[in-house]
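Chains A and B, in that order, are what the protein sequence lines are. If you're matching positions, the first sequence starts at 1 in this note's numbering and goes up one per residue. If you're matching positions, the second sequence starts at 1 in this note's numbering and goes up one per residue.
Treat the hints with care, since some could be wrong.
In silico PhoX-like links for lysine-lysine, alpha-carbon gap of 20 Å or less [unchecked claim]:
no.	chain 1	residue 1	chain 2	residue 2
1	A	286	A	237
2	A	604	A	551
3	B	36	A	230
4	B	152	A	237
5	A	240	B	130
6	B	105	B	152
7	B	105	A	578
8	B	127	A	240
9	A	237	B	105
10	A	616	A	49
11	A	566	A	452
If the Cβ cut is set under 10 Å, some of the chain A residues that face chain B in the computed set are [claimed, not checked]:
no.	residue
12	310
13	317
14	501
I should point out that these hints are in silico values taken from the structure, not numbers from a laboratory. Where is the CB? At the ideal position from N, CA and C, for every residue including glycine.
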Amino acid sequence: MRGYAGKILEVDLSSKNIRETRISDEVLRQYIGGRGLATKILWDRLGGKWEEVNPLGPENLLLALTGPLTGFAPGGRICISGKSPQSNGIVGSTFGGEFPIDLKCAGYDGIIFSGASEKPVYLLIKDSDVELRDASHIWGKGARETVLTLVREARRIFGERYRGRGLWREPSIMYIGPAGEKLCRTAAVTSKWAHAAGYGGYGAVMGSKNLKAVLVKGTGPLPEVYDLDKTVEYADKIVKANLNLDLFRRWGTASGGYSVGAELSSEPVMNWQEEWHNEESFGVDKFEVFWVKRNWGDFGCAITCLKISAINSGPFKGSITDNPDYENQAYLGTNIGVFQPDANIYLTALIDELGFCGIQTGNVLSFAAELYQRGILTREDLGGIDLKWGDAKAFASLLRMIAERKGIGDVLAEGTYRAALKINIIKGIDVTNYAVTVKGIAIGAHGIRSGKDYPHYISYPCSVQGGDHTSVAQIPVERGELMTILHDSGVLCTFTLFAPEANEALWGLLEAVTGWRITPDEWFNNMARRTLHIQRAALLLGGPDLRWNPKIHDDVPQRWYEPLTKGPFSGKAVDKSKMREYLREYYKAVGWDDNGIPASEELKRLGLEDVDRRLKQIRENLN
Amino acid sequence: MSNTGSPGLIWIYRNYQNCSGCRRCEIVCSLSHEGKIWPEASRVRVFMLIPGIEVPHLCVQCHDYPCVEACPVGALSVSKETGAVIVDREKCIACGRCIDACPGKVPYIHPTDNYAVICDLCGGDPKCVKVCSEGGWNALQIVRRTGGYNFKLYAKTPEKITREIAERFYGGEIAEGI
Numbered sequence: 001m002r003g004y005a006g007k008i009l010e011v012d013l014s015s016k017n018i019r020e021t022r023i024s025d026e027v028l029r030q031y032i033g034g035r036g037l038a039t040k041i042l043w044d045r046l047g048g049k050w051e052e053v054n055p056l057g058p059e060n061l062l063l064a065l066t067g068p069l070t071g072f073a074p075g076g077r078i079c080i081s082g083k084s085p086q087s088n089g090i091v092g093s094t095f096g097g098e099f100p101i102d103l104k105c106a107g108y109d110g111i112i113f114s115g116a117s118e119k120p121v122y123l124l125i126k127d128s129d130v131e132l133r134d135a136s137h138i139w140g141k142g143a144r145e146t147v148l149t150l151v152r153e154a155r156r157i158f159g160e161r162y163r164g165r166g167l168w169r170e171p172s173i174m175y176i177g178p179a180g181e182k183l184c185r186t187a188a189v190t191s192k193w194a195h196a197a198g199y200g201g202y203g204a205v206m207g208s209k210n211l212k213a214v215l216v217k218g219t220g221p222l223p224e225v226y227d228l229d230k231t232v233e234y235a236d237k238i239v240k241a242n243l244n245l246d247l248f249r250r251w252g253t254a255s256g257g258y259s260v261g262a263e264l265s266s267e268p269v270m271n272w273q274e275e276w277h278n279e280e281s282f283g284v285d286k287f288e289v290f291w292v293k294r295n296w297g298d299f300g301c302a303i304t305c306l307k308i309s310a311i312n313s314g315p316f317k318g319s320i321t322d323n324p325d326y327e328n329q330a331y332l333g334t335n336i337g338v339f340q341p342d343a344n345i346y347l348t349a350l351i352d353e354l355g356f357c358g359i360q361t362g363n364v365l366s367f368a369a370e371l372y373q374r375g376i377l378t379r380e381d382l383g384g385i386d387l388k389w390g391d392a393k394a395f396a397s398l399l400r401m402i403a404e405r406k407g408i409g410d411v412l413a414e415g416t417y418r419a420a421l422k423i424n425i426i427k428g429i430d431v432t433n434y435a436v437t438v439k440g441i442a443i444g445a446h447g448i449r450s451g452k453d454y455p456h457y458i459s460y461p462c463s464v465q466g467g468d469h470t471s472v473a474q475i476p477v478e479r480g481e482l483m484t485i486l487h488d489s490g491v492l493c494t495f496t497l498f499a500p501e502a503n504e505a506l507w508g509l510l511e512a513v514t515g516w517r518i519t520p521d522e523w524f525n526n527m528a529r530r531t532l533h534i535q536r537a538a539l540l541l542g543g544p545d546l547r548w549n550p551k552i553h554d555d556v557p558q559r560w561y562e563p564l565t566k567g568p569f570s571g572k573a574v575d576k577s578k579m580r581e582y583l584r585e586y587y588k589a590v591g592w593d594d595n596g597i598p599a600s601e602e603l604k605r606l607g608l609e610d611v612d613r614r615l616k617q618i619r620e621n622l623n
Numbered sequence: 001m002s003n004t005g006s007p008g009l010i011w012i013y014r015n016y017q018n019c020s021g022c023r024r025c026e027i028v029c030s031l032s033h034e035g036k037i038w039p040e041a042s043r044v045r046v047f048m049l050i051p052g053i054e055v056p057h058l059c060v061q062c063h064d065y066p067c068v069e070a071c072p073v074g075a076l077s078v079s080k081e082t083g084a085v086i087v088d089r090e091k092c093i094a095c096g097r098c099i100d101a102c103p104g105k106v107p108y109i110h111p112t113d114n115y116a117v118i119c120d121l122c123g124g125d126p127k128c129v130k131v132c133s134e135g136g137w138n139a140l141q142i143v144r145r146t147g148g149y150n151f152k153l154y155a156k157t158p159e160k161i162t163r164e165i166a167e168r169f170y171g172g173e174i175a176e177g178i
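Bound conformation, chain B alone (with noise of 0.2 Å):
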């Protein structure tokens, strides 16, 4: 199975430094998915393991995909339409096994039901990019989807992307406390 950017794909580009920790993107994602504002059960989480440091942390959609590989029961699948990885959560065991295999360790076990939640790209119009652009912030983006390899890049865990930005932000030596 791979993902090397079908015509049409899209793809949620993120840029750390900007974002500004308002959490708009999990409202909307919660809204949207659970009908509620929960920002446990959202897509995307921002981290801040340091504050100041804010990390929205979703899905890259890997090309190899190494969740849906790692999956013990099959309920893991990647939608044609958008690459997004699909969860039926009727299959799902919750096991972790995805998380184990996440280079980013993105996906968690919802907070009251037994499945593994995992970014969908709303369909292919992601509604946390929205309120991002609408807000100005920019820190997610839509870009069109080409090549293969380099979406993996991004499939950081929030320890490591904290540590790069407060480097920079901050200096290093803060970074060493989370």
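Excised from the complex, chain A in its bound form (with noise of 0.2 Å):
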């Protein structure tokens, strides 16, 4: 077993029992690490039961696994998962920095975490030594106390117990937010600043658990490879396409902010009204004045996309955030109306600071204004807030009472499509239809309607993580989320592999890491879609709130079939004729039947006959 370090740490935050745990070598070939590996654990331990599964209860699970690839694939990440509080599916949630590293340096290729504990706790691992800690002085605190003041406390821990070795490195640290802690289930799991696993709402599963952080220093090497040679040399085959990308290099995503919009016309304007715009104070050129750090990026990572903004003056000062990428621009800005940098940049640190998605948040926003614009909701029911369309500070004011709960908070807390189930209802309006998002997850900054940008039709509707910009469906198949799944299991920076002769090494560099010879045949046919199927199993069987019929549920949102009425492709709309026929060509050629569950051929050709049986059910209310 090659590229792992061979043990995974289970802590149950009930009982407070710490102990190390070995995956099978069979396991860990068919499922690799990270998503695959997460999506295994949480079918074998949950999936029997898995529609009573409260994703906020103590039951749920909470997994942080990184993958053989980590930490020699240019750019370590980490996969974060658990039954989410979104879809009450399976989401596989990355985030990139050297966390990952530090964990597999301590001999640990991940965190299962379990129950629930009674007070605020920590997690601090030094290599084999491991406590949990009390954190009740950091709860309630940001993300810029949480980190300063944890990062010290524990180089202070290390250099009192470990005495004479020299200066301590900073551990890597994951933590929650304010927003984390409320349950809020737009709240991300984070690193560094700005390093966020925001799909899913782990943030919220990390709250319920009343898990504050977890800090690792790991001082040993990363483990044995099969073949250290090629794999120094599959990664600058890597490395070497990632230092051609010039611009990607230069500008990071922080160009889409302007480009998306104008060239495409696939980014989100005040609430995918529009995804038309040409705002040029929104352009890359503006926001490069405001970066202290023009390349940021994590272990080994050849490309650094990051960049940091800082604002040092003005009504905005005290600002800290990465670029902010392309899609914290469209939610934190031209979603909600906002064509200013700054202020772009003020929301986003504030994402940041209380622990959100700026996706799925952002989302949330948008949905209130668009309420608000409508008439639907009031500056009453807001608070007396007056959330108008590009008005920054309004919106912060809306960020603090979801991220407190206090009032129309409490409703926006849980999410757009749970908030407009819930405004239906108080308002006794159907709001649903201004709900952008799919199978209970806002959907990334790339709209479909102009038919220019990269996903299509089925790519939000099939995909197994709902909404998620990062594993759509596509056909062919291999460019889509059977893709994805590689390298969310690897883990890997999808970013790393965007040129052709980069994707092309993954395969060497994953046989010259573990020494398994996996063929994109064997990946495609049958390893990725074995994560697929259990994805999908778990989506449909969803619960306790809410489940989806994919008669019903896979389809774009509703907004997407008005038409847009800017820009060069106004008038372009989804046209539902095509719907049916799309899906199932894309349930066929995965192994789903007509109604899109996996078929039972498909899933006892995998040896996943207690999938198939799970399923049984499901399939017989459809027919």
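Each of the two chains sits in its own frame; use the hints to bring them together as a complex.
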């Protein structure tokens, strides 16, 4: 078993029992790590009672899993998972940084948290020394204070316990902010500044376990690999390909805030009422002015696509965040009518500080603003906030209300889709048409109406991770989430594999690290499909509060059937008459039946008889 | 003992503001010295006491080599070719006096073996600088070493360097927390 540390840490927060567990070679060979392995573990442990598992109850698990390629592929990443409080399925949500490197160097491929602590705690790991510590002094604190306080505390402890070894470096940290503590379903698990595993809502799962943070320092080397020379050779190929990405290295994704709207007409504007804008005020040249660091990257990354923005004067003074990246430019910018870089940086920094996912929470903000625009939510409903498009301070006030679950914030903290269901009842008006989500997950900032961007009709409706723009269904299937599952299981960064020669090198790297010869054929036809089918099964079993019916919910949001009214793609909309046909084509391509249920023979072929049995009832209900 | 810059000597210039935090320097350093990817055994360690402020921390080769002077067992010496501090692993007793003597607290004890870890300038062709230049970050750059006392000014603790950069990047307040 090469490329793996060989052990997983199991922490039961109810009993405070901490132990090590091993995963069999056979399971690792099939599911690799990260998202695949998380899916397998979740299914084995919770699959039998999936519908009854409350994602925010102690019965849920929170997993943080690396993969064999973590640390060896440029740009280390880790996958956070569990039963998602957004989709009620399984989402593999990743963040980058040194956390996974420190974890593997400490001797662990991952951590599984079960139960829930009575009092706030954080986990401190120094190699095999693992302890839960009191976190009541930082409960309620934002990102900045949490990181600085805990890192300082850990370094002091290391210095006292392990004397005479010289200066201790900071341990890596993953943490939640106030949003996660208050069980906001749009809360993220975050590392460093702004390195968020946002999709899935695992910040709320971590909060439900009263787990504020995990800090880890590993002093050992990364695990042994099968062939070190070849590992370095393939990693270098990816690095070389990445060094050629001139403009992506310069701008990161921050050039998108202007161009995805102006050029592709696929950027959300005012809750997706439009997808086109031509606001040059939002150009990357205007953002560059705020960059105090022009290249920021994670362990081994040659692209370093992040940039650090800091505002040291004016009304938004004190804001520190990344680029912001395209998703945050769109969701905390254009989609709420904000077209000023400094205001966008301010809101992104606030999102980070409160521990939210920018996409999911930005979607909630724009949803609320459209209801206000339409007079459905009043100023009184909003606790006095005049929630006009473009008013950054008003949106900031609403964000704080959501993080505190104060007033309407308590409803919006449930995420856009669940909030819509509640407002339907409160107001007696159907507002779900204004919820731009798929299966409880707000859609990433890439629309499909213009036909110019990478997602298509089926991309979100068929994704096992709902609106997740990083894991979209595509035809041919090799270009869609079956490939993403490898990235998320590896675990590595999709951005490092943009160049075709980099993605090509991935298979060689996988073999060099693990010694397993995994062909694309085996991956796409067998291995990736196991993960895909289990995720699909969990998503359809859902519960306890919501369940999805593929005949209804394998669909784009209603908004996308409305034609665009501005820009060169005016008049374009999703053609409903074609939807069914495209869905069936995709279902067939991945081995699902006409209703979108993983087919019985397909599951048996892959040895997933237990999944097949669990889907029997769903199949019968649909026929 | 002193090093005031014989002709042909190199020095690794460091520009902390440019450091991307990619840690490719640690990867190549540990691969070269340990045959493994091993960040905590890298001769250059990137400190990140505040996210976004990454400080590649490595020996500056002070002109008066206080670490060499402080070694009680004669385990440290200065390479005539490169000016680097060379650690004799057999002699080193990991007492940590070199760390105490270093104004920047740069040396540290190897995580598994009992000896002090100090940059050896890769015999005059530092690999960390190569990957940093290749990536265009230029946080680490090779310069010809001339003159004497100025290099020691760079032997600062990561805390001190972090405060200086934090002041410039984020304003001073945040640096009080480290």
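Hint by hint, here is what the structure shows:
no. : hint               : verdict
1   : 286(A) with 237(A) : 34 Å, violated
2   : 604(A) with 551(A) : 24 Å, violated
3   : 36(B) with 230(A)  : 13 Å, holds
4   : 152(B) with 237(A) : 38 Å, violated
5   : 240(A) with 130(B) : 14 Å, holds
6   : 105(B) with 152(B) : 12 Å, holds
7   : 105(B) with 578(A) : 67 Å, violated
8   : 127(B) with 240(A) : 16 Å, holds
9   : 237(A) with 105(B) : 36 Å, violated
10  : 616(A) with 49(A)  : 15 Å, holds
11  : 566(A) with 452(A) : 15 Å, holds
12  : 310                : 5 Å, holds
13  : 317                : 8 Å, holds
14  : 501                : 17 Å, violated
Checked against the numbered hints given earlier, this structure breaks hints 1, 2, 4, 7, 9, 14; the rest are met.
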